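Here's the letter readout for the chains.
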Amino acid sequence: MSEQPPATFDREATDGAETAGSTPVTTGATSVIRALEGAGVETCFGVQGGAIMPVYDALYDSSIRHVTMAHEQGAAHAADAYGIVSGDPGVCLATSGPGATNLVTGLADASMDSDPVIALTGQVPTAFVGNDAFQETDTTGLTAPITKTNYFATDSDSVGDTVGEAFAVSGTGRPGPTVVDLPKDVTNGQTERQPGAPRTPSTYDPQTEADEAAVERAARTLERAEKPVILAGGGVIKGDASDALRDFATEYGIPVVTTMPALGAFPEDHELAMEMAGMHGTGYANMAITHCDVMLAVGCRFDDRLTGGVETFAPDAEILHADIDPAEVSKNIEADVALIGDAGTVLEQLDSEMDRTPDIPEWQEQCQTWKAEYPMDYAAPEDRPIRPEFVVEALDEATPEDAIVTTGVGQHQMWACQYWTYRHPRTWVSSHGLGTMGYGLPAAIGAKVAEPDKQVVCFEGDGSFLMTCQELAVAVRENLDITVAVLNNAAVGMVRQWQDAFFEGRHSASQYPWVPAFDKLAEAFGAQGFAVHEYDEVADTVEAALAYDGPSVIDFHIDPGANVYPMVPSGGDNGQFALSEDQL
Amino acid sequence: MSEQGPQQVNRLQGPAPEDRPRPSGRRNSQGIRIDPEVEAEPVPRRTVISALVENEPGVLAKASGLVSRRQFNIESLTVGTTTNPETSRITLVIEEPEPGIRQVEKQLEKLLPVISVQELGENAIQRELVIVKVHGDEPDKVQAVTEMYDGTVLDAGPKTISIEITGDENKIDDAIDAFQQFGIRELARTGQTAIARGDVWTTDVEEERYERMHESWQTTTNND
Numbered sequence: 000m001s002e003q004p005p006a007t008f009d010r011e012a013t014d015g016a017e018t019a020g021s022t023p024v025t026t027g028a029t030s031v032i033r034a035l036e037g038a039g040v041e042t043c044f045g046v047q048g049g050a051i052m053p054v055y056d057a058l059y060d061s062s063i064r065h066v067t068m069a070h071e072q073g074a075a076h077a078a079d080a081y082g083i084v085s086g087d088p089g090v091c092l093a094t095s096g097p098g099a100t101n102l103v104t105g106l107a108d109a110s111m112d113s114d115p116v117i118a119l120t121g122q123v124p125t126a127f128v129g130n131d132a133f134q135e136t137d138t139t140g141l142t143a144p145i146t147k148t149n150y151f152a153t154d155s156d157s158v159g160d161t162v163g164e165a166f167a168v169s170g171t172g173r174p175g176p177t178v179v180d181l182p183k184d185v186t187n188g189q190t191e192r193q194p195g196a197p198r199t200p201s202t203y204d205p206q207t208e209a210d211e212a213a214v215e216r217a218a219r220t221l222e223r224a225e226k227p228v229i230l231a232g233g234g235v236i237k238g239d240a241s242d243a244l245r246d247f248a249t250e251y252g253i254p255v256v257t258t259m260p261a262l263g264a265f266p267e268d269h270e271l272a273m274e275m276a277g278m279h280g281t282g283y284a285n286m287a288i289t290h291c292d293v294m295l296a297v298g299c300r301f302d303d304r305l306t307g308g309v310e311t312f313a314p315d316a317e318i319l320h321a322d323i324d325p326a327e328v329s330k331n332i333e334a335d336v337a338l339i340g341d342a343g344t345v346l347e348q349l350d351s352e353m354d355r356t357p358d359i360p361e362w363q364e365q366c367q368t369w370k371a372e373y374p375m376d377y378a379a380p381e382d383r384p385i386r387p388e389f390v391v392e393a394l395d396e397a398t399p400e401d402a403i404v405t406t407g408v409g410q411h412q413m414w415a416c417q418y419w420t421y422r423h424p425r426t427w428v429s430s431h432g433l434g435t436m437g438y439g440l441p442a443a444i445g446a447k448v449a450e451p452d453k454q455v456v457c458f459e460g461d462g463s464f465l466m467t468c469q470e471l472a473v474a475v476r477e478n479l480d481i482t483v484a485v486l487n488n489a490a491v492g493m494v495r496q497w498q499d500a501f502f503e504g505r506h507s508a509s510q511y512p513w514v515p516a517f518d519k520l521a522e523a524f525g526a527q528g529f530a531v532h533e534y535d536e537v538a539d540t541v542e543a544a545l546a547y548d549g550p551s552v553i554d555f556h557i558d559p560g561a562n563v564y565p566m567v568p569s570g571g572d573n574g575q576f577a578l579s580e581d582q583l
Numbered sequence: 000m001s002e003q004g005p006q007q008v009n010r011l012q013g014p015a016p017e018d019r020p021r022p023s024g025r026r027n028s029q030g031i032r033i034d035p036e037v038e039a040e041p042v043p044r045r046t047v048i049s050a051l052v053e054n055e056p057g058v059l060a061k062a063s064g065l066v067s068r069r070q071f072n073i074e075s076l077t078v079g080t081t082t083n084p085e086t087s088r089i090t091l092v093i094e095e096p097e098p099g100i101r102q103v104e105k106q107l108e109k110l111l112p113v114i115s116v117q118e119l120g121e122n123a124i125q126r127e128l129v130i131v132k133v134h135g136d137e138p139d140k141v142q143a144v145t146e147m148y149d150g151t152v153l154d155a156g157p158k159t160i161s162i163e164i165t166g167d168e169n170k171i172d173d174a175i176d177a178f179q180q181f182g183i184r185e186l187a188r189t190g191q192t193a194i195a196r197g198d199v200w201t202t203d204v205e206e207e208r209y210e211r212m213h214e215s216w217q218t219t220t221n222n223d
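Each protein sequence line maps, in turn, to chains A and B.
Residue 393 in numbering that gives the first Met the number 0 sits at position 394 of the first sequence, with consecutive numbering throughout.
Residue 36 in numbering that gives the first Met the number 0 sits at position 37 of the second sequence, with consecutive numbering throughout.
Don't read these hints as lab results, they were simulated from the structure.
Hints should not be assumed to be uniformly reliable.
[What the hints assert, rightly or not] Only part of the chain A face toward chain B is listed, based on derived beta-carbon distances under 10 Å:
| hint | residue |
| --- | --- |
| 1 | Gly-140 |
| 2 | Ala-143 |
| 3 | Val-168 |
| 4 | Thr-199 |
| 5 | Thr-202 |
| 6 | Tyr-203 |
| 7 | Gly-308 |
| 8 | Pro-314 |
| 9 | Pro-325 |
| 10 | Glu-372 |
| 11 | Tyr-373 |
| 12 | Met-375 |
| 13 | Asp-572 |
| 14 | Phe-576 |
[Said to hold, decoys possible] DEER-style ranges, computed between Cβ atoms:
| hint | chain 1 | residue 1 | chain 2 | residue 2 | range |
| --- | --- | --- | --- | --- | --- |
| 15 | A | Ala-371 | B | Arg-25 | 26 to 32 Å |
| 16 | A | Glu-208 | B | Pro-16 | 39 to 45 Å |
| 17 | A | Pro-380 | B | Glu-17 | 18 to 24 Å |
| 18 | B | Glu-97 | A | Glu-208 | 25 to 31 Å |
| 19 | A | Thr-207 | B | Thr-151 | 51 to 57 Å |
[As the list claims (entries may be wrong)] If the Cβ cut is set under 7 Å, some of the chain B residues that face chain A in the computed set are:
| hint | residue |
| --- | --- |
| 20 | Pro-22 |
| 21 | Arg-25 |
| 22 | Pro-43 |
| 23 | Arg-44 |
| 24 | Lys-61 |
| 25 | Gly-64 |
| 26 | Leu-111 |
In this text the structure is predicted, and so the values were computed from the model without any measurement.
Yeah, the Cβ is synthetic: ideal placement off N, Cα and C, and Gly gets one too.
Just need the whole structure built from these sequences, with the hints factored in.
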């Protein structure tokens, strides 16, 4: 097949747009950096290495801040979190071979969660490609299934435009990760060509406004609904549609359930908030989605952790599905009305099409009854080990309401979902679709770099924290004021919970007979460490850790018997959630 | 925060699952709401999908990788350039229930180098090529069968005869059956390629692209 036609080139857009201190374009690598500057990139995360050295050399003269991470996976997660919190694509860099493969987990994570990430990977010189050269891997081949698109840069003249295109594609429409693989001869090669402004290719044209006829059908359906529910997904946050969602729900009095990525999309202290649904969602959220007759799903993809078994998911509901990605509509749950478009735009279209408010006082009352029937509560007697829920609530109370929460993956993540009150979009940063243990700390680094003035709290489990705790070195080096709360139950707790429920309590490889003293581990890295065993130490320690100007780690020795409830078993019926182990 | 009290630890309050009301409806495994009056499961359908794609490196790998990782039930996939050297046409024959067919289309459209995707109707022109290599013991009979299927002998030696047959899938299957009597040593099939019949463009954008290419071709010739 023929070579890629030269990308269109917008010279005007870059004239006079040079960043202070930038040097003229002389090589492919300087063009790459100029493209990043032109796209407004202020920070990137990465790890040096042989094949990416020309790019780092060009970065030396740039005003772009580079945060050196301990591991490339950390760089990808930090860039991912930066993208979630700031709304602009996060950038990560890695060298060829092991550098690129270490990024793979982070890119897969970003792909599952539709997070905007640009990865620039070094590659062996073009002449060596395919020869199994030192530190060579087929990066575009490896990352094709886990990126929105990827590029193999072919020449020094066009490489800047390719990076710009990767940037534009990543951040527009349904966001997602993109990769540009940069052979060393391309970045080292001579060019004087200024990259144009970032632009998407002509074949890429996401539809932002939903079809009018569909909007009309959806509005008529909502108007006559008796038990309507809005299911808000992560797309509400990505599309900056939280205000539109709040206005719409309040205007028509429709209860709002969120998916996990949508925590913060709708204020959880709002009367209409039913909070998170799904496997570990609240009882009332799961009752609401199971019994509704019309579901307006906005920016969600009906993941199996949300739906449980599709046969029993909202079985009486007509589904009105708004999403910017047509492929998500009727993929897992058949939509009765497809509203292809941007979340905010579709909500505004619907609002102007609605002629009346649905008459649903009984349903609203029913939702409040469920809230009273299935409260999220726990007992916390003094004489037992600390309940993890208590720790989450203690940190929530001690921090401002716009504090950012990041988490790893496991039981601690679910407690952080359930017992923290999310009121604002872009304050919840977690690994949803891929479920990447170890996501929390590098994500906290990315979040803090994006929002240095906000409090950042990272919840980790002992198992999850051990997967990326080396990134503490970065938090210390960059003096990032983040607080890590390790909910330490000396186990991979979620696995152990499943073993209790489904494997007759056979704890194969899930109990950790020994875990490090995380307070001492923190101190070895140069961070502040704390250990907490008793209830009466919690408040003071939280205060001290938050007051410490720099990274701190609190090792909370929590009740090892604590499990996460409510719970819908995998593939189960959301309305049949278990409130305790004996209901499974 | 929760009050410290005599509640049982690890147990949330509320009616047990069996004490809760249940909705009456049901969906099938595709997530489609089932009308209990007419329980009908979708049946797989065999169809041809045509995708016009940019001719850039890796586009075929992207398309075939997509098909395999999403577990679409694919019968054949062919690819070749079009009138415009910058584009190729990928033809997929798939067998899927209705939602699966729509998913194949939508997922293909998500690939950036893909310009347009269209499912072809039943009357699309479909052709496949096969080369059959049979044992050469009975050349006269081989010749007769070849003529019956409008085939062409590509190579005839003392031990083997190779024949080319072109046609729709049924014809190819029948021809292969007919050649079995001589003993088929090897065969190679291309898979179906297809194009819309009559004055219909195969995918949405092709007319516009054709006009544009035609215009620029005329401009170039006039300048000469």
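Tested hints:
1. Gly-140: Because about 7 Å separates Gly-140 (chain A) from the closest Cβ in chain B, which is inside the 10 Å limit, the hint holds.
2. Ala-143: Cβ of Ala-143 (chain A) sits 6 Å from chain B, so the hint holds.
3. Val-168: Since chain B brings a Cβ to about 7 Å from Val-168 (chain A), closer than 10 Å, the hint holds.
4. Thr-199: holds (9 Å)
5. Thr-202: holds (5 Å)
6. Tyr-203: Since chain B brings a Cβ to about 6 Å from Tyr-203 (chain A), closer than 10 Å, the hint holds.
7. Gly-308: Hint holds; Gly-308 (chain A) Cβ to chain B Cβ min 9 Å, cut 10 Å.
8. Pro-314: holds (3 Å)
9. Pro-325: holds (5 Å)
10. Glu-372: holds (5 Å)
11. Tyr-373: holds (4 Å)
12. Met-375: Cβ of Met-375 (chain A) sits 7 Å from chain B, so the hint holds.
13. Asp-572: Since chain B brings a Cβ to about 8 Å from Asp-572 (chain A), closer than 10 Å, the hint holds.
14. Phe-576: Where the cut-off is 10 Å and the nearest Cβ of chain B is about 7 Å from Phe-576 (chain A), the hint holds.
15. A:Ala-371 with B:Arg-25: 26 to 32 Å: holds (29 Å)
16. A:Glu-208 with B:Pro-16: 39 to 45 Å: Holds: the Cβ-Cβ distance is about 43 Å, inside 39 to 45 Å.
17. A:Pro-380 with B:Glu-17: 18 to 24 Å: violated (30 Å)
18. B:Glu-97 with A:Glu-208: 25 to 31 Å: holds (27 Å)
19. A:Thr-207 with B:Thr-151: 51 to 57 Å: Given a distance of about 54 Å, which is inside 51 to 57 Å, the answer is holds.
20. Pro-22: Nearest chain A Cβ about 5 Å off; hint holds.
21. Arg-25: Holds. Min distance 5 Å.
22. Pro-43: violated (17 Å)
23. Arg-44: Hint violated; Arg-44 (chain B) Cβ to chain A Cβ min 16 Å, cut 7 Å.
24. Lys-61: Holds. Min distance 6 Å.
25. Gly-64: Holds: closest Cβ of chain A sits about 6 Å from Gly-64 (chain B), inside 7 Å.
26. Leu-111: holds (4 Å)
Hints 17, 22, 23, counting from the list given before, are not met by this structure.
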